[in-house]
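Sequence order for the protein chains is Z and C. First residue of the first sequence: 37, per my numbering; consecutive thereafter. First residue of the second sequence: 4, per my numbering; consecutive thereafter.
Among these hints, one or two may not hold up.
Stated by the list, open to error - Computed footprint of chain C on chain Z, listed as stretches where at least three residues anywhere in the stretch have a Cβ under 8 Å from a Cβ of chain C:
1) 126 to 139
2) 144 to 157
To be verified - Computed from the model, here is a short list of chain Z residues facing chain C with C-beta under 10 Å:
3) Tyr86
4) Asp88
5) Ile111
6) Tyr113
7) Leu114
8) Met118
What the hints contain is simulated information worked out from the structure, not anything from laboratory work. Beta carbons: idealized from backbone N, C-alpha and C, even for Gly.
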Amino acid sequence: MIFFQRVHLIYHRDKVHALKDINTEFTRGEICFIAGPTGCGKTSLLKLIYLDAMPSRGVVTVFGKDTYDYTEHQIPYLRRKMGVVFQDFKLLRTKTVYENVAYSLEVTGATRYEIGRRVPQVLELVGLKDKLDTFPANLSRGQEQRVAIARAIVNDPLILLCDEPTGNLDPETSWDIIQLLQRIKTRGTTVLVASHDIQTMEKADERLIRIENGVIVQDTKETK
Amino acid sequence: MLYQIAFFIRELRINLSRNPLMSVAAASTATISLLTLGISLMMVYTINNLSAEITSQVEIRAFLENDVTNYEIKNLQEKIFEMPQIRSIEYVSPDRALDKLQEDLNIELDISPEENPLPHALVIRVTDPRQIGIVADQVREMQGVTELKYGKSILQGILKLSLVVKFLGYLVTMLMSAGALFTIMNTIRLTVIARQEEIRTMQLVGATGWFIRWPFLMEGVFLGTAGGLVAALVLAVSYYLLGARIQNSLPFIIPLVKASVMAQMLVILLLLAGCIMGIAGSYISITRFLVERAKEY
Ligand SMILES: Nc1ncnc2c1ncn2[C@@H]1O[C@H](COP(=O)(O)OP(=O)(O)OP(=O)(O)O)[C@@H](O)[C@H]1O
Ligand SMILES: [Mg+2]
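Excised from the complex, chain C in its bound form:
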């Protein structure tokens, strides 16, 4: 068994090194098709991240009765925090709200603390923006809450848009995967066709289907994984180099995925995709040639 594995590995090395042109051609085709797959993955990932970032900015503002005590505020905070969907709660006093208002509008208002018309408020953030309606409905009913505001229509708009974009992204990714699989399969089929005679000879000297198949499967895995690795590295490095530059040239800040996170995602997914496509491609192409064709005449 161990010896057989050693033999298959030797076969793999021989096949690769004695057919270098074919191997390079197959690996580069795999690389190119996995590159396109990787780009669409990056886009989906960025869009997902973007919509998550934007929607997580959405907050509920609950306004409280004017004569609310510190104790009641603390109680209310604790009660709201018991809900599983809550990410953070922040209390904003009328004084702080006034300061912020002045800061935002860049004006000086001459209002004494007693005249301050702004209410006490709680700023609530949720973990999942889709849950925001549920949280809002519950908070509205609570003792001491007079009014409640959140960007309901904006939020729904963003959620809908991101759903559409996500769906399109997955569709494109699926098409790219199918394209990559098809290309890799065809390339491997060419390497198999080129060695059709040899495969027949192996059968004639008594090799079983699996004995012939293994080196080819390993070759498929090797070429697919190599292609995936190269594609992932190229994309990760370009993302690292270009991402910061694009960000700097834009007047506003877009929440880009961190380069290390992106690189990790690319390496894992593209290696996996290359490996699976390589093995599937070689299995399908080799199996077709292994049918005994003695009865064909």
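So that you can see chain Z by itself, here it is in the shape it has in the complex:
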């Protein structure tokens, strides 16, 4: 599903070497946690997958195709097969909770019926059924985070990328979310979760990659 081959990412403007020689692979129906201290390059790794950044060296392959080979025109269609929970949520400020989640379906040309069926469903799944008409500005951080999760999963993505999906949630809700992600994995979705929350990740007992200073220092899949 996703391949990294000798991938380096350099932010030239700031002269930051964010990722160094990343070699790894994420397969279909796999869930993988990515851990590491702040600034180690977790977000950068995910950006390479949803094409918000391009490798400075090496090759990133998504759905069997080098990310450089996706044309400007194909990129939106690629992104519709992914769901992303952004670290800063990136909710649309002028839209309500319902509209934010619906937007991911609107872009695909889904029918009103589908949208009306699917959106309340996922919002119930993340426990926000009573906030449909609220604007992001009137939500708590934890609630915003759950809207972001709902938006990422609403169109049944093949790849689900979660950047700190539980950063603002209490341990109990965090655990609910992790279990939700594990359930999504069983449908054949590749799930990547970047997080600081080592305890929860270890409790989940799944593949875990540790990154330090832009380098993969441990991958439980290889040591097993």
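Please arrange chain C with the ligands on chain Z, whose structure you already have, making use of the hints.
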């Protein structure tokens, strides 16, 4: 497809209603710049009308032989009327010419019809004053015409002046249009910049360029047209109210454009201008933000 259009319209409504301050600001800037454009349009229109009115007053006077018969006059009239440039022909008999002369000069002349020195005359008006020379040359050659008069130098003077004024008017109008376009474009660009983050997010959740673009284009059209409509109404109403007053305060009559004609011209042109400028402005500003910037780092 229909559902998508409904979605875009809903998006437009949301954008306008949830950003009311921005929308009002953009629409008023559009209104103000279209107002200035409208004023220059009104001036050009008035001047055009004025020069057309003045030059259409210019007439050819063809004098006929003294012993011309009614039959010959009628023949001559018909022959001249065959020319495509002719608007009207009027026969003025020596008697009528004498009456008119007395009336104009406000004197009583004691002249019997037999002594009347004034010739038979035909007063010819043309549709396009620029054609008057051609018509004059042809009429001069006709059987029975002895002499011919028209305000050649005055006419040429007026034509030249109106050409210069027209040219200046078009120049000013073009500058105003460019100014309005620039202002409207910049205003819309501000609304786009204010929502740059949002546009990026839309791209990241898989929206195509056109999916993002449509609501913005519609917003541009809406704001531009709204601005054009308000500007047109303000100008048309002021023209209706002030035009008559200005006319009344002047000692002479200026041939003003009728208020209804002016209003029609303003509404059509300013709506069109607002609409085009709105759509062009939003297309240009939004397209710049839609380039995928992934490779920029
Ligand atoms: N757009 C950017 N331009 C320049 N440098 C950047 C950019 N984004 C990230 N960096 C730098 O790249 C490095 C890795 O950043 P990244 O966001 O991937 O870290 P992270 O592991 O996600 O951190 P955190 O846990 O705090 O989210 C950092 O040193 C950061 O300063
Ligand atoms: Mg991060």
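Results of checking the hints against the structure:
1. For a cut-off of 8 Å, the count of residues in the segment 126 to 139 of chain Z with a CB near a CB of chain C stands at 8, and the three-residue condition holds.
2. Interface restraint, the segment 144 to 157 of chain Z with chain C: holds (4 residues with C-beta to C-beta distance below 8 Å; minimum three).
3. At a threshold of 10 Å, the smallest CB-CB gap from Tyr86(Z) to chain C is about 7 Å, leaving the interface hint in force.
4. Here the hint on Asp88(Z) is kept, as its CB sits about 6 Å from the closest CB of chain C, short of 10 Å.
5. Because the smallest distance between the Cβ of Ile111(Z) and any Cβ of chain C comes to about 6 Å, under 10 Å, the interface hint for this residue holds.
6. Contact between Tyr113(Z) and chain C, as hinted, is supported at the beta carbon level, the nearest pair being about 7 Å apart and thus within 10 Å.
7. Hint status for Leu114(Z): holds, given a least beta-carbon distance of 8 Å to chain C, under 10 Å.
8. Among the interface hints, the one on Met118(Z) holds; its C-beta lies about 8 Å from the nearest C-beta in chain C, closer than the 10 Å criterion.
Of the numbered hints stated above, none is contradicted by the structure.
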